[in-house]
Each structure stands twice: as structure tokens, then as C-alpha cells.
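S.K.: Now for the letters of each chain:
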Amino acid sequence: MSSTLISNYFREANLPHIWCPGCSNGIVTRALVKAIDELGLDKNKVTVVSGIGCSSRAPGYLDFNTLHTTHGRALAFATGLKLANPDLEVIVITGDGDVSAIGGNHLIHAARRNINITTIVFNNNIYGMTGGQYSPTTPTHALGTTAPHGNIDKPFDITQLAAAAGATYAARTTSYHVNQLIKYIKKGIENKGFSLIEAASICPTYYGRKNKSGSAVKMMEFLRDNYIDIKAYDKLPDDKKIGKETMGEFKEITLPEYTDEYLRLIENLKGAEK
Amino acid sequence: MSSTLISNYFREANLPHIWCPGCSNGIVTRALVKAIDELGLDKNKVTVVSGIGCSSRAPGYLDFNTLHTTHGRALAFATGLKLANPDLEVIVITGDGDVSAIGGNHLIHAARRNINITTIVFNNNIYGMTGGQYSPTTPTHALGTTAPHGNIDKPFDITQLAAAAGATYAARTTSYHVNQLIKYIKKGIENKGFSLIEAASICPTYYGRKNKSGSAVKMMEFLRDNYIDIKAYDKLPDDKKIGKETMGEFKEITLPEYTDEYLRLIENLKGAEK
Amino acid sequence: MTAKDRKVIINKDWCKGCGICVAFCPKNVLALDHHDKIEVANRDACILCGQCELRCPDFAIWLGGEADE
Amino acid sequence: MTAKDRKVIINKDWCKGCGICVAFCPKNVLALDHHDKIEVANRDACILCGQCELRCPDFAIWLGGEADE
Amino acid sequence: MNSHVEIRLSGSGGQGLLLAGVILAEAAIFDNKNAIQSQSYGPEARGGASKAEVIISDEQIDFPKVISPDLVLALTQIASDKYSKTVNQQGILIVDDSIELDGNYNYGRVIKVPIIKTAAEKVGRSIVANIVAVGLIAELTQMISRENIEKAVLSRVPKGTEDLNRKALMEGYLLAQSVL
Amino acid sequence: MNSHVEIRLSGSGGQGLLLAGVILAEAAIFDNKNAIQSQSYGPEARGGASKAEVIISDEQIDFPKVISPDLVLALTQIASDKYSKTVNQQGILIVDDSIELDGNYNYGRVIKVPIIKTAAEKVGRSIVANIVAVGLIAELTQMISRENIEKAVLSRVPKGTEDLNRKALMEGYLLAQSVL
Amino acid sequence: MSKNIKLMQGNEACIEAALMVGMRFYAGYPITPSTELAELSAEKLPYYGGKFIQMEDEIAGIAAAIGGSLAGLKSMTATSGPGFSLKQENIGYAMIAEVPLVIVNVQRGGPSTGLPTSPAQGDIMQAKWGTHGDHPVIALSPESVPETFELTIRAFNLAEKYRTPVMLLTDEIVGHMREKIEIPAIEEIEIFNRLKPIEGKEYLPYKIEEGDIVPRMASYGEGYRYHVTGLFHDETGFPSNSSENAELMLNHLMSKVEDNLDDIITYEEYMIEDAEFLIVAYGSTSRTARSAVKILRQEGIKVGMFRPITIWPSPEKRLREISKNIKNILVAEMNLGQYVYEIQRIVKSNSEVYHIGRANGEVLMPSEIVTKVKEVL
Amino acid sequence: MSKNIKLMQGNEACIEAALMVGMRFYAGYPITPSTELAELSAEKLPYYGGKFIQMEDEIAGIAAAIGGSLAGLKSMTATSGPGFSLKQENIGYAMIAEVPLVIVNVQRGGPSTGLPTSPAQGDIMQAKWGTHGDHPVIALSPESVPETFELTIRAFNLAEKYRTPVMLLTDEIVGHMREKIEIPAIEEIEIFNRLKPIEGKEYLPYKIEEGDIVPRMASYGEGYRYHVTGLFHDETGFPSNSSENAELMLNHLMSKVEDNLDDIITYEEYMIEDAEFLIVAYGSTSRTARSAVKILRQEGIKVGMFRPITIWPSPEKRLREISKNIKNILVAEMNLGQYVYEIQRIVKSNSEVYHIGRANGEVLMPSEIVTKVKEVL
Ligand SMILES: Cc1ncc(C[n+]2csc(CCOP(=O)(O)OP(=O)(O)O)c2C)c(N)n1
Ligand SMILES: Cc1ncc(C[n+]2csc(CCOP(=O)(O)OP(=O)(O)O)c2C)c(N)n1
Ligand code: SF4
Ligand code: SF4
Ligand code: SF4
Ligand code: SF4
Ligand code: SF4
Ligand code: SF4
Ligand SMILES: [Mg+2]
Ligand SMILES: [Mg+2]
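Chains as they are written, first to last, in the numbering used here: chain A, 144 to 417; chain B, 144 to 417; chain C, 3 to 71; chain D, 3 to 71; chain E, 20 to 199; chain F, 20 to 199; chain G, 215 to 591; chain H, 215 to 591.
This is chain A alone, in the form it adopts within the complex (with noise of 0.2 Å):
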């Protein structure tokens, strides 16, 4: 028994999915399905693509085409199935290791040719799927099982290294701010180029206990007082910013997208000799 939502846009079959109480993936999925479901796109063309994690699990739940790949590489792949398909509704799906750690070049490189993809990062900061190791966005002096004397790297922001590699949209947001989510998701389905929306999300399981963070709900509470909009946090004078992090729409550009771009140069060369 579930919503319509649920019940035309996932695998009912599958559920309920394997993720931990009170894990943020659940919420992130069904958001990308709303914003889906909102836009009116089309269930065959819609085709989902993940790497490996926790939140890469997603795509077998959905009733789309979907594709779950080898860790890091989806952005790989799913620049294969554009290309060759430029009708496809491409999504993929990932986690902050496997985006930005294994996978950071695929991303950077999707981002350049400003392919039309839509990348939902499910960002828990965290290793989940193997249990616990700190990730690229892991915060400097957290704890992990790879980082048991505190973590020394310094976090990517993922958004942000997006834009800058080329991405024409670029947002985030977190997993309490569902609306903003469900906003951000369409707006950047929307995007005719690559858009990267990065959903801040808890792991209670792996990053909660190794850092004390409490429950689920108290994890929820953390995203929802200490992620403030970008224009607001610009505003606040230093002292208040410590500790706070950033949200809203980093960017949002119009640029030659790559299949069209393929696209235009078969038509040029459309009897000439080959």
C-alpha cells in the first residue's frame, strides 16, 4: 500500500528498500519522482544512472529504465547513453565518494562539455555503503573509520566544483528542505546542459554514531538550522558564518549543449562526401 506517487513511479516489488531507519536516501528519491512527476516527463524516456553506494541502490527501485554501474563511473556511462540517445531523459544518481572521490573526474569532465544531464548528489559526507571511511566532503577534524584520529582533508563543495568545471546549472540544498529539493530537481531536469543538484544528506548509521550526531531527526534538525541561503549567509557579518553552510542556486547559465552540438555537426555534414 502506498501514494499514487509511489505506486506509479516506483518498483513496488523492491520495497521496502534496504536503506537504514531513518536514512536520508528515501527522501531524496522521492523527490527526484516528484520533480518527474511535476515536469510530466515521460517514464520510457526517463533513464536513471547510478555508480555504487547506498544511494546508488536507488535506480533498481524506480520504474524508469535504469542502470546501476561500476563505483564512480556513471557520469561515464551516462554520457554514452545521451550521446547516443540524445531523447533520453538522462538522471544520474550518486554519493559524495562516488562523484567526488573515484568518480571526480567523470564529473568535472560531464560538467565541461556541459552534456545534458541532471546529477542528484546524495551528499552524507560519508562512506555509507562500506561503512563509515571519511569521504572528499567529509568535514576536516570529523571522525571516521578511516579518519579514527580525526579527519585532516580539507572538504570539496561539490557544488561549487561543478560550476567551476563548467556546469550550467549548480544547487544545493539538503534533505530537510524538500520543496527547495523537489524545486532545484526540476529546474535543472529543466536546464538544456549539465546540472548538478547536490542534496545534503544524513547518514545515521555510519557518520551519526562515529560522530555523535544523534538521531536521525536530531541530524535532520542540523541540516535545517545550519544550512542557510547563499544570498543570507553573503550578508552575515564573519563570526556568524562559522560554522554555517551554504545553499541555494550557485548557478544557472545558458551554453551550447553537447548533443545538440554533435547533432548540428551530422546535419552540416549531410551530403558532403564522406
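FYI, nobody ran anything at the bench for these hints, they're computed from the structure. One should not assume that every hint holds.
[Unchecked claim] Each computed BS3-like pair below joins lysine-lysine, with the alpha-carbon atoms no more than 30 Å apart:
#1 B:413 to E:178
#2 C:14 to A:361
#3 A:417 to G:217
#4 H:220 to G:562
#5 G:562 to G:586
#6 B:297 to A:394
#7 A:353 to A:329
#8 G:220 to F:170
#9 G:531 to G:586
#10 A:394 to A:378
#11 B:353 to F:104
#12 C:14 to C:29
#13 E:104 to H:508
#14 A:335 to G:588
#15 G:258 to F:170
#16 A:326 to A:374
#17 E:178 to H:220
#18 G:588 to H:508
#19 D:9 to B:177
#20 B:353 to G:220
#21 A:361 to E:178
#22 F:136 to F:170
#23 C:39 to C:29
#24 A:394 to B:374
#25 H:562 to G:562
Fit chains B, C, D, E, F, G and H with the ligands to the given chain A structure using the hints.
M.R.: Chains B, C, D, E, F, G and H with the ligands only, in chain A's frame:
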């Protein structure tokens, strides 16, 4: 027979080098050595690491600890060297393909960690070694052997990408502006953290021929005439910006350095129970 | 289905008892039972705002028609 | 070696004849011979600015002492 | 019991059965026996039934997995449904009293005791049900000396929880005595 | 010449010897012969000596590399020093007249003619020395019909340079006749 | 119809054939000596409405090619040694997900960067064992430019028929040399296209329909909305941890190849009827070997050559049979001993197995084989 | 001295041993079931002044570890299937550049993501052939926690002695199970450290000093300023295209292993004196096999077990010798047939070779081996 600079720092037995007539690799390599000389670094500590490419052949000519690795991986090898022995002065020589195509992920992660490595990018906008395929920095519409109908990709700005990923010093100049190049390299080496210096370079053999850029001299003139300091560039009216490239120091900040932090961690644990 | 017919529906089988919907319901409509499963404790207070549905990670609560509790 | 003793020195064996030093010498001191190798055509005009040395990709020209041409 | 005993501990993810297995194995080693402890990984570990296995033997242990358990512990219904029937006919099945067993099946000797309740009510923290179970098993099987059981418990539980766990162990012993 | 001829063309990187080899091989194929063309890659190709090889045969060609060249062409001193001695004793060595040969060595039949000069002065572009060499070789060996040589040249040179190359070919023929 | 005879490079013939058999997607990363495959694809594919993309590395190259195939286009990627090593993880993905794909490896000197511009046959065993886990491998090795054409077509056909990546193992010599080739008319070419789902019937992406060898394959976007994963999965395509299912899945992967060896395996026997001595060689080295056989035969020595064209699976049955009448076998290959392991395994004690090989960048010469044969005799 | 007896996981024992033998640098990327190796290194290394770094992927992991080794620290990296595939290119680099390194592969079910939490022995052939080009491989496979300890020490010693990457091939069972282990005192452990350049003598980084097996190795920063490359190189370390040099270099790489087989190869023979039937098994599967031998012996069946501890190079000489007196050999492994190929090759027609294996995530049971043996008999 050679200048004292060359005989002091090059493995003369391996000279003359294999680079083509007019290739700027020699200019940039000499600039690096000049910077090292001016800083008075200990040759025994200087460690130069490269990947694979024409530019990556440079370490073989240099009388330091030198390491010619696999394509794209120089920064990963260099990270190991630097962390294992922070006393080494680690410098990475790399090409646009090496560092931003196959090696893009190692670039952004070395930058993120702010590990004290100085990376010199010989950016000739092409894969020289393999004969002229387009690279992630080949301008849109330019020709390459794998872009025979004109490149539809958008190029990376490697310097700005490194800055966005976390580099604490990031600067670009050209192989024409050699004194500036020497200055930036010196500043990069002195910066305690990850530094990237991009040297806009020329490959007369492949990029030049394919794109009818004329002789090496013509290509050097292009560098002279079209690279404009970023501050001056920002002040230009939009129509004057067209066709111009920027150079200058894009980022210069101070943040904790990776190997320092690690040594501090070791220090903190001293005396603690294992 | 008219808006009037909508109400909070739950699927206990899918609920994992995380408490998120309970915590963020603006009207304190929801609670966890002693098996740590969701229940509608105070239906009358519900303003059908849908916050619970938005944030339930397990698709175990939603606004809809028909289903009896 | 005093600054006075410095002069442009070339190593024809290493010169690949790219012409860069020739083109960017501010005083037109340099030229390529008929084998496309560098030669100092007009030493007197040289102002020892070192531009040639900075830009020679083949380390074939520099300011230094002693070497006879 | 035999000189070669195979134990399967089952329950849900958070119940600390891996730790219980480790403690039993370590205690056996302190007792100069051989022991192997292993567990199942995988999505199973997230929700669903989880299991930890221990083999204790006076001999060298070749095959490291439990083939036919001489003792099965089940702390949850799901775990019981999955594993209770695996106990061998000469073996002991220990289940929490909250569990219902399939009446049509012959499990060997069944011991049904309030493990979780004992932990929650007598010790005061349901989280130490695993240690109650360790005490129960140790006392029931008499394989390992109390001394070494206690040593193993104390070497493996978090600092600051020693008293709590010692109490849990004791309650386990008492539970065992109640059914002996 | 034989029904199986091995040719080695050598010179420096920019001299277009690969193209010359391709033209010879293609012309042979137009002549209903078998032919294989191969070249050496590698750092050698950047500066230093470069070589292209062709095997032309009435039979099936098994081993695809030149073993003992029946004809060696050398356009530069470096190339000559490296390859001239590889010509077999029954073969022909063709060198540009700018080249000095090691006098102590027996090369078989040596033909020393001004190939580069002919290209530069008679045709007007030293870049077509390769095509002059093609004409020279074709005429000397009489392996391939003039018709197919010309056809191969025209199919492989850049559009707009046909006349220039036809001229170069002709000068090659003439050079050959001068030594026949 | 007048014959279409050309002088062509091996790499050129490969792309020519690929285009004729219907390759419409190429994703790769340049590396000597395979680069021409990328360059020619970039040049030609758009004329056919096909797509070429230069990816950021070899891993992305094969990943995108798998994506291209799932979207319904016949796809290929090509590389040489170092890139082949990088592709291994996703080669395994294509195998387990049963994605048709052609992977070309134009072999060069290794290990590592090695001798980048020299020929070698050093990746023969890697082709079979390079990715982790158990998996079936189909690999073909041409000895000439015309055969490169032929086997490229065959590689695509086998890939489509058996829903699996197929490798074309050439080398710097075959890839770069120019040779005479007759290009057939398109009508003369046998082309196999993957079977599509049966219309109107329920589609389970990994269920094998009666009479079929492999599951039928829908393209993404056609309306079937199915799931593909690199995890062990069942007929539905969804992951499954059951060991029974794992067994079923793996058995299918292995047996779709092993049960069809006669269709997959080809080889050439040259002068073996009366041979007392057998040379085994493949790819460009077989040309050296054939040359050596001719020389030895002229001297009256009864030598023959056996040439596996399908390298993997190896022509085990036939070779074991032949070996019963052969005392000595010489395996010639441009490496330090790779396929010779397989030959030793196959012939057991039937024949003495010798090896001649080298990995120093130089090709084996006919005279060397001749000498070696005489040495053994 | 009182005995230091512990209950330890295989992965724990590996790091314990590594720290004792002097490992001071670990670079890797987490992957089940090898992750504990990273976690324990992260936890413990700093106490020893050593360094742990979690790199961005497995490729970077091995690259950084090679860097660590060149800087003079004993280095290791660890992974499982997918990561092992990704490391292949740089494994070849370490081989050709002769960099000591220990690579642990805790095997899990493949191909691809496969069965990530289940045990397998599916990367046995990949360990030998996974990287392109010709190269020697040393790989060890422990069957227990104490042996994991022992072989980790041996792996480091072999790596340092032969200047080459050494692989430790364990599996999910050995890696994750806890078992009794006696940790020796540090004085009882034999430790080999790479030989350093002879002071005062000219140092050529790839020249072998008289009496040595491999070139001596200076650390970067010690004043020798030498060059290391993945290209073929000569004694000076600089690249060389000469085929003579290529031959010298490759021969050295191969022969440093092949000439020292007696030092490198170890194996266990269990009840083989009077055996008529032989089971070959390695790693965790040998425990199943030993159990089966015991059962069969009780029934009076004369079975023995041969257990390669050094998997590569394989114990060819000894096994061929034994096989002369054995009619039937059963190879038991957790895969669909890998090491059995090597056994077939080795024993030729001496024995019939059978295989029992599986790759469905379940371990082989003693009873299955018992049944199979009886079937064959
Ligand atoms: C090549 C490879 N390396 C490592 C792994 C192991 N692995 C699986 S998921 C994962 C990290 C997942 O983290 P993230 O992407 O943040 O996803 P999450 O589980 O947190 O949602 C790792 C390291 C793998 N499957 N493949
Ligand atoms: C794994 C791998 N892939 C591909 C190659 C082939 N390759 C060598 S250098 C190179 C590109 C070089 O371009 P760049 O880094 O820009 O250096 P440049 O030659 O232009 O200086 C490529 C593709 C390789 N050696 N290894
Ligand atoms: S481990 Fe963390 S990320 Fe994974 S399902 Fe559980 S809570 Fe979610
Ligand atoms: S090919 Fe280009 S980059 Fe390489 S040496 Fe020649 S000019 Fe320089
Ligand atoms: S709809 Fe709103 S008010 Fe009603 S239960 Fe849900 S969150 Fe509470
Ligand atoms: S949010 Fe969902 S899973 Fe959590 S308590 Fe509420 S209904 Fe249950
Ligand atoms: S030093 Fe200056 S003036 Fe003199 S030759 Fe060089 S560039 Fe010309
Ligand atoms: S710049 Fe150097 S190589 Fe070029 S012409 Fe001048 S001296 Fe010769
Ligand atoms: Mg994560
Ligand atoms: Mg470049």
C-alpha cells in the same frame, strides 16, 4: 657546451632533447630550473615527477630525483612521495592531457588536500605525444586529429579549476612571458601548500600545423599578443575581450598544509597508548 | 478525489520508526507506537500540510484517499 | 666573471633553427645561417638583455663568458 | 559438551551478537582451546536477520564455518524463523521468550528464557542482552571457565561499561541456573 | 627485377618518405601485384632518421617486414649512415648527391643523383623530393607501369598540387634515364 | 560489380569494417598504436549519423561505449596495453551485464608504458584473465589487413549474438602496415543484429526465450524500463544474493560460450596433413611462421602451422587431436611465453612443447624459427 | 617470555604483521572485504610515525604507495576485485620500475561488483596475468589467520629482496574470520630490508652489483638523484629503445624470480606419502580440503593434499614430480576453474585432473569434496 645554469641542473649527457624545433617545452623546463636556482633549493631534495606526454619527458633531462610515471598519475605518485618524506621539494611536470584529461581527478584531489606540491602544467592545448588529438583545453572549433570537423567540446580553465578545487596558489602565464613564469614558479614553490602554475605553451608540430597557426615564432607572437593580465582584462569592454586569454595570479591564500597536519597528528599521538 | 477527502495514510509495514515525521509535524499529529511504528495519534489536529509525506524516508506516510487506518 | 665579460654564446649543435631567438631579439642581433642554425650576425648591437636565452627551447644560446664562437 | 562445538548466534543488526561471538571465542582461547569466529556480512546486515558463528574445539579447526550447530541462539522472531531449525538434533536451541516457535518442528532441546527482558529490567539496559546471552550460554554449556568468560567480556566492552556488563553476565548465569 | 622486391626509403622526418612508400605500394597494387608498406614509429620519428619500407611481390607476402632490401634510398647523411649498408649485394643503393658514402664498404650498385636539388631547382619545391624519388625508383626498377605510378601519386597528394607532383615524377624518370 | 581493391592500413580496415557492419558509437581515449581507430571514427562516424566521443580516459571510454550499446547502437572502444589494463573493471561489467561491445587492443610493448611504438603480443593472457572473477572471453586475432576487416565484422556479429564484449587483439604490425585488401559490397557481408524483445510478450531482461542462446535485449528508451546492474542478478535484472541464482547466472555466462564453441572458434591449418612438426602461431607472428614453414618445406622438413584465429576460447579440441600425431610443437609469439601455457595444457604429454618468443620490440624473423625448428629436430 | 596469544581477524593479523615487519606507508581506497586493512592502518600507523592516506581511488592508492616506497618507506596497498582490476596498470609500473610493494587482495565474488560480501578465489589468474605485457609475479595465499600474519611478513621480505610488488591473495573468509594466533616477539621475526647503494661507489640505479640479485635501491632525497620510468630503460634508469637493452631488462625482470624459485616457493604437503589421490587446494579452501582428507582417510581412502602457499610462481617442479605417482588429482577452488589450468599444464598426462569449484558466494563444504573424490574413484 652549455650555460652554467644548464650544466648545473641538467643531465647534459641526455641533451639535446627530443622535442621538436620550436616546441616550448624547453623554454618552460629551463624556466623551472631557473626558479629552482634562484631559490637556491637543495638539488638532492628536489624531486620532479611527471606523467606521460611530450612535456612529461622533461624529468629525464633534469639532475634531480626524477620520476616518470604512468599517464595522468603523476600527482598521485607525488602525493605518496611527499607524504612519505615531507622534506622532499616535490614538483610535478605535466601536460594538459596528462593533468586534466586522464589525470583530472588526481589534480582536484591534490588541490583539495592542499598538499605541498608545485605543479607546472605545460598547456599546449593538444595531445602532442600521440600526434595531435584534441585535449580538454583545446578551444572549441579548433582542429585536432580526433576533431577533424572542429572541436565541439568546451575547454577547461585548468588554473581556475585547480583554484576551485582547493589549490592555495594558482597562476597562469605563457612560455613567451618567461620572466613572469619564473616568478610564478618561485612563488608556487615557496607557497606551503598546493600550487599550480599553468604555462600556455606551443606545439608547432601538431597543434600548429593542424590549425594553421604558422611557425613557432608566429605561435609565440600569438601568446605575446593575446594573453592579458586578468586585472587588465576585467577592465576591458566586452567586445575587446573576444579572443583574449587571461593570465596572472588567480589565487593566493594560506591554509593548513596536508603533510604538516599529518605530522601534527603523529605528534599529538606521541606517548599515547597504541 | 477532492481535497476534502484527503487524509494522512500510513503503511506500518514500511515504517522503520525513525521519528522524522513525528518530529517535523507542525501539529503534533503523529507518534510512534510501542513497536516503534508510526501511528496517527491526533488526527483532528492534522492540517494536511504534507510535511510528513515529504520527509518520510520510507514512503510510509502520505496524504491520500480511502485507505482505512 | 664580471658583467662586462658576458656575451652571447651559441651551441650550434643544439640549435634546431626555430627562429624564436631571432624573432624576439630586440636588437636584431641574431640570424639563421643557410643550414638553419643560429648565428650572431650583429654582435655589436647586442645589449645583453638575455631575451634569447630565456626563450631558446634548446638551450643553444646564452649569456656567458669565455666560449669563442 | 563435545570437544568440538558449533554455535550460531542470531538476532537483528544492532543486538551485538558479533561481539557476543567474539567474546565466546576469545574466552575459549584463554581456556587454551581453539576457536574460530565468523559472521555473515552483506545487505543482510542492514535490517533483517544477522548472525555470528563460533566454533570451539580442543582439536585443530579445519573447516571454519559452522556446518551443523550444536547451539543456536535466536533473539528475534525473524532470526528464529531463519535459524532455529538449523540446530542439530543433539543440540540446544535458546530463544528469547518473545519468540514463537513453529510447533510442527523438532528442535532438540529448547530453552526459552526472557533474555531481552532480563537485560532491560534486571540489568537496566536492553543493549546488554548479548552479554546476558553470553553468560547463559557459558553456564549452560560449561565449556569455558567463568574466569575467562569474564576476562573476555571485560577486554572487549567499552571502557566505563564494565560493571554493567559484569552484571549482565551474572544475570545470564542466573538465567541458565533457572533452567538447569 | 625479381618477382619479390624489398625497398627501404630513408631520410628525415619531414621528407614525406612514408607517402613515397605508400605510393609505390599502391601503384604496385594497381598493377595487380601484392604489396605491403610499413614504417618505423617512435621517438625516431621526431628528428633523427626515419624510414619507410615497401615489399612488392607477385606472390603472397608472408613476412611483412623488409629483411634484405633490394633497393635502399637515402636522402640524408644520417639516414645513409644508418641504412645504406643494409642494401643487399645484388641490390641498388640510391643516395642523394649531398651524401658521402663510407668508401670502405661495398654497397652493390650505387646510384648517386641530385634528388633534392632536382626537386628544389627543377620542380621548384624541395618538398617534392619524395615524388622525384618515386619516379626515379619506378623508372630504374621498371616494376610498375608509369600509368599506375601516376595514378597512385595523384590519388595520394593534396588537391591542388597535382601538376607540381606530376612534374616531380617526370623529373624522377629523367634522373633515372640519366644513369641507365 | 568491379572489385573494390585498396591499399589500407590494418587500423583503417578495422574502422571500414566496423562502419559496414553497423558500428555507430565509438568512445575511447587515444593511445599509440591504436590511435588511428579513434581518429578514423571521429572523421567518419558523423557521416553515418553515428557518434564519436573522446572521453577523459580509457575507463570512461569503455563506460560510455557500454552506455552507447544499451542505448541501442553497436559500440566499440579501442586501446593498447596501458589502456587495456585500465578498462579491465568495466570489461567485467559488460560481461556480467551482457552488453554487446567490441574492444580492440592494438598490442604494443609492455609492461607499463614499456615500448610504446613497438609491436608485441604481450596481452594475450590478460585478454582472458585481466578482469577479476570468473567470466568467459571471446578474443580474435587477425594476421593481416584483410583479416582485420573480416574479424572486425565477426567480432561485432559475435558480440551481438552472444551479448558479450568481444576482443579484437591485433598488434602494432597488423595495425600499422598497409596491405592490399578487397572490400566486399555491403550485400556480401553477413550481419547479425541483437535480438529484440518479442512484441506483446512480457519482457524479463535476463530471461532466455525458448530457442535463444541469450536474453533478448531492449534498448533504453524503447518502453521496457528494465534494470541493469554489475551485481549478481536474476532474470528480472534485479540484484540477488541467493547462491542458487548466482549459480544459474554464472553458468549461463560461461555456457553461452562453452556450448557454442563450434560457432565461435576458427583456426587455420597450414600444411599439417603430413606434418611431423607443428608450429603454433597467431596474429602477425603467424606470417613469420608461414614463411618459415615454406623455407623448411623446401628443405624437405615436414612442418606445418596451426593458427588459432579465435584465440579465446582456444581451439582446444582440434589441437589436442592434432597433437596426437605430432612429436614436437613450437609456439612462436611476440612475448616471453603466454599462449604456450595454454598449448602445454591442451596437448598434455602428446607432444613436447617448445617456445620461441621475444618482447624486446623486434619481430620474430623467419630464419629464427627455422633455426629453432632445426635445433629441436 | 610469556606467549602473546590473541583472537584476531585475518585482516587484523595482516596489519599487525605489516607493522612489525616495518610497513610505514599505506595508501588505498576502501572496498569490502578489504576495508579493515585501511581502517587499521589509519588507526595504527601514526603511532609508529608512519603514514596512512585514503586516496581518491584505487589507481591513486597504488600510485601513492609506489611513491612512498621510492621515498624509502615499506609500503602497502590493499583492495578487492574491482579495485584490483583498477590497480593493474600501476602494478606493471612497479614491476618494470622494480619498486618493492605489498598488494593485498581480499577476494570477493566477481566479475564486476558481483557479490561484494561473499568469499571467492576468482582473482587467482588475474594476479598473474592482469597487467599488460610480460612480467614476473609473486603471489602468496594464506589459509588462516596465523598464516596471514606469517605471509604478510614474507611478502614484505620478498618485495624488498627482489624489488618487486608482491601480492597477498586472501579472501573474505580468511580476511574476516577470527582465529587464535600467537604473535611472536619482534626479535623472532626475520626482516629483510632493501639493499642500499654501496657508499662511495658510483651508483647506477639499475645496475646489479656483483653478488646481488637486483639493483640496489636508493631512496629519493638521499643524494643519488636518479631517474625512474615505466619505459624500457637501461642500467642508468633512462629510457632506451634498443632491442638489446630491452632484452637485458626483461630477462632480468623474469630471471630474478625464475632463478630463485627455491627461495620464493613454499607449499604444504599433507598426507601425501602414501596417497593415491591428490587434492590440490590453496587459501581458505585448503581447510575444506584438509577436513575432507581426514574424513576420507577415516574411511581408508588414501588421499593427500598439496597446498601451494606461494601461488605464483607455481610449485611446478615439485608438483610434476608428485604427479608421477598419482593417478587422479582434484583441484578445489572457489571459482569456476582457474588454478586447475596451471595444474593441468604442470602434470601433463601424468594424472587425470578434475575440478571442483563454485563462484556463487558459498564456500565449498568438506562433504562435497568427499563426494567428488568418491565419484572419481
Ligand atoms: C572500484 C571500487 N572501489 C571501491 C568500492 C567500494 N565502495 C562501494 S560504495 C563506496 C563508497 C560509497 O560512498 P558514497 O558514494 O558516498 O555512497 P553512500 O554509500 O554514502 O551513499 C565504496 C568505497 C567499489 N565497489 N568499487
Ligand atoms: C593509460 C594511457 N593512456 C594513453 C596513453 C597515450 N598517451 C601518451 S601521452 C598522451 C597525451 C599527452 O598529452 P599531454 O599530456 O597534453 O602532453 P603533451 O604531449 O601535449 O606534452 C596520451 C594520450 C598512455 N601512455 N597511457
Ligand atoms: S549506511 Fe548510512 S547511507 Fe547507507 S543506508 Fe544506512 S544510513 Fe543510509
Ligand atoms: S609534438 Fe608538439 S609538444 Fe611534442 S615535442 Fe613536438 S612540438 Fe613539442
Ligand atoms: S500532513 Fe502535516 S499536520 Fe498532518 S500529519 Fe502530516 S505533517 Fe502533520
Ligand atoms: S518518517 Fe516514515 S519511517 Fe520514519 S517514523 Fe515516520 S512513517 Fe515511520
Ligand atoms: S642578449 Fe638580447 S640583444 Fe643580445 S642577442 Fe640576446 S636577445 Fe638579442
Ligand atoms: S631559439 Fe634556440 S633553437 Fe631556436 S633558433 Fe635560436 S638558438 Fe636555435
Ligand atoms: Mg556518501
Ligand atoms: Mg598537451
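S.K.: Output the indices of the hints that this structure fails to meet, ascending.
M.R.: 4, 7, 11, 14 and 18
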